[in-house]
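K.L.:
Sequence:
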Amino acid sequence: MTRLAVPLAVLLVLGVGAGPAGAAAVSPSSEPVESAALINGRVVRDAGTAQRLINAYWTPERMRTAIAVPDPRVIEDPALERRDRPGNVGRPQTAVRPAGPSAAGGTGSTGRAVNPSAGVGKVFFTKSDGKNYVCSGSTLNNETRNLISTAAHCIHGGKGGVNHENWMYAPLYAAGKTPYGKFAAKWFHATKGWTQHGYHWWDFAFVNVWPLNGVRLVDKTGGNGISFNQSKSIGVTVLAYPAKAPYDGQKQVSCVTSLQWAAAAQVKVFCGLTPGASGGPMFQNYDTTIGFGFTNTVVAYVWKSRNYGPYFDSDVLTVFNRARNKA
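Here the sequence shown stands for residues -23 to -1, 1 to 304, where the numbers follow mature numbering (1 follows the signal peptide of the UniProt record, and there is no 0).
Simulated from the structure, these hints should not be mistaken for lab results. The reader is advised that the hints may include incorrect statements.
[Stated by the list, open to error] Pairs of lysine to aspartate or glutamate, DMTMM-like flavour, derived with a Cα cap of 25 Å:
1. Lys136 / Asp106
2. Lys169 / Glu53
3. Lys281 / Asp54
4. Lys303 / Asp23
5. Lys303 / Glu11
6. Lys154 / Asp196
7. Lys281 / Glu58
8. Lys136 / Glu53
9. Lys108 / Glu142
10. Lys154 / Glu142
11. Lys104 / Glu8
12. Lys136 / Glu11
13. Lys209 / Asp264
14. Lys136 / Glu8
15. Lys209 / Glu8
16. Lys221 / Asp106
17. Lys169 / Glu11
18. Lys281 / Glu53
19. Lys154 / Glu38
20. Lys281 / Asp225
21. Lys104 / Glu38
22. Lys209 / Asp54
23. Lys228 / Asp264
Model the full structure from these sequences, guided by the hints.
P.N.:
Printed below as a string of structure tokens:
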């Protein structure tokens, strides 16, 4: 991760609510961006073709050798962050609640027993440099039963970049095994704040995936809930696939900790999860017995043992609402 410090002189010059109350002015960067996913450089028109191409591309060897995507460039400019993302915070609300499958303040603790979740998986993709990379993600219980939350830099290269290709989600991936199969991306959803500017405070995304063997993702694995405009000081459980030392990306890693305020539009946890964890969910009210919770934000990057994520306010809700009904 690259951090760009701005000189001090520069700094000185299923829905519950009908809408946010007392929301701030809408930032141009909050505008949703939707695009079709590419496999081998082309848009795929049917689930069968997507499944065949993704299975052919993501061989065991390619999955084994895929590397952690670098963390996004971080610009330490609080004034720019406040201007670009002033905080469209409405009343707290839960957009959807967790559902099971219908087909058959201090240092976080990574030692507490948290069962691996089928609602969390490993993400694989190819960047424009031709190399294969990994991130993390989690399922969401949307109306079309096909949605994943992740980080925006796990779907798109940011300012001057393009969408990643051959994007695949493997629920409950473990040591090369994909017990729930490989789900191919169909639609990407992010914001102009990321795709045009690469601002890390907009580093969140949603992905609709194709069915696998005629079964939709959430029907197969279950899906998490998602909440917006929540307190910035709550208990959370983080699940992800960190892939740099001391981790190897071969299993889910958990961290039970407390969310803390970090900046105008960011929160942080003291988990120390390395690259590869990007896109992993920070769950509110996670139930380790059933393996689901409410996604409160996602891991964007790590800095000095702290994992940062964009605050999920009503701007994020707007993007989610664009993605939730997409088939």
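K.L.:
Are the hints correct? Go through all of them and say.
P.N.:
Against the structure, the hints:
As the CA atoms of Lys136 and Asp106 are separated by approximately 15 Å, the hinted pair is consistent with the 25 Å bound. For the hint pairing Lys169 with Glu53, the CA-to-CA distance comes to about 19 Å; that is within 25 Å, so the pair holds. Our distance criterion of 25 Å between C-alpha atoms is met by Lys281 and Asp54, whose separation comes to about 18 Å. Between Lys303 and Asp23 the CA atoms are separated by roughly 15 Å; this keeps the pair inside 25 Å, and the hint holds.
For a cut-off of 25 Å, the pair hint linking Lys303 to Glu11 stands: about 10 Å separates their Cα positions. Distance restraint check for Lys154 and Asp196: the Cα-Cα separation of roughly 20 Å lies within the 25 Å cut-off, and the hinted pair is therefore satisfied. Simply put, Lys281 and Glu58 have alpha-carbon atoms about 21 Å apart, close enough for the 25 Å limit, and the pair holds. Between Lys136 and Glu53, the direct Cα distance comes to roughly 17 Å. Compliance with the 25 Å bound is thereby established for this hinted pair.
Only pairs whose Cα atoms come within 25 Å are accepted, and Lys108 paired with Glu142 is accepted, the gap being roughly 10 Å. With a C-alpha separation of about 22 Å, the suggested pairing of Lys154 with Glu142 holds against the 25 Å cut-off. A C-alpha spacing of about 24 Å is found between Lys104 and Glu8, which places the hinted pair at or below 25 Å, so the restraint holds. Between Lys136 and Glu11 the CA atoms are separated by roughly 16 Å; this keeps the pair inside 25 Å, and the hint holds.
For a cut-off of 25 Å, the pair hint linking Lys209 to Asp264 stands: about 20 Å separates their Cα positions. This hinted pair checks out: Lys136 and Glu8 have alpha carbons roughly 15 Å apart, not beyond 25 Å. Taking the CA atoms of Lys209 and Glu8, the gap is about 24 Å. The hint holds against a cut of 25 Å. Pair hint Lys221 plus Asp106 holds up; C-alpha atoms about 20 Å apart against a cutoff of 25 Å.
Only pairs whose Cα atoms come within 25 Å are accepted, and Lys169 paired with Glu11 is accepted, the gap being roughly 10 Å. Restraint check for Lys281 and Glu53: satisfied, since their Cα atoms lie roughly 15 Å apart, inside the 25 Å limit. Our distance criterion of 25 Å between C-alpha atoms is met by Lys154 and Glu38, whose separation comes to about 12 Å. Taking the CA atoms of Lys281 and Asp225, the gap is about 19 Å. The hint holds against a cut of 25 Å.
Between Lys104 and Glu38, the direct Cα distance comes to roughly 17 Å. Compliance with the 25 Å bound is thereby established for this hinted pair. For the proposed pair Lys209 and Asp54, the alpha carbon gap of about 20 Å is at most 25 Å, so the pair holds. Simply put, Lys228 and Asp264 have alpha-carbon atoms about 19 Å apart, close enough for the 25 Å limit, and the pair holds.
In this structure, every one of the numbered hints holds.
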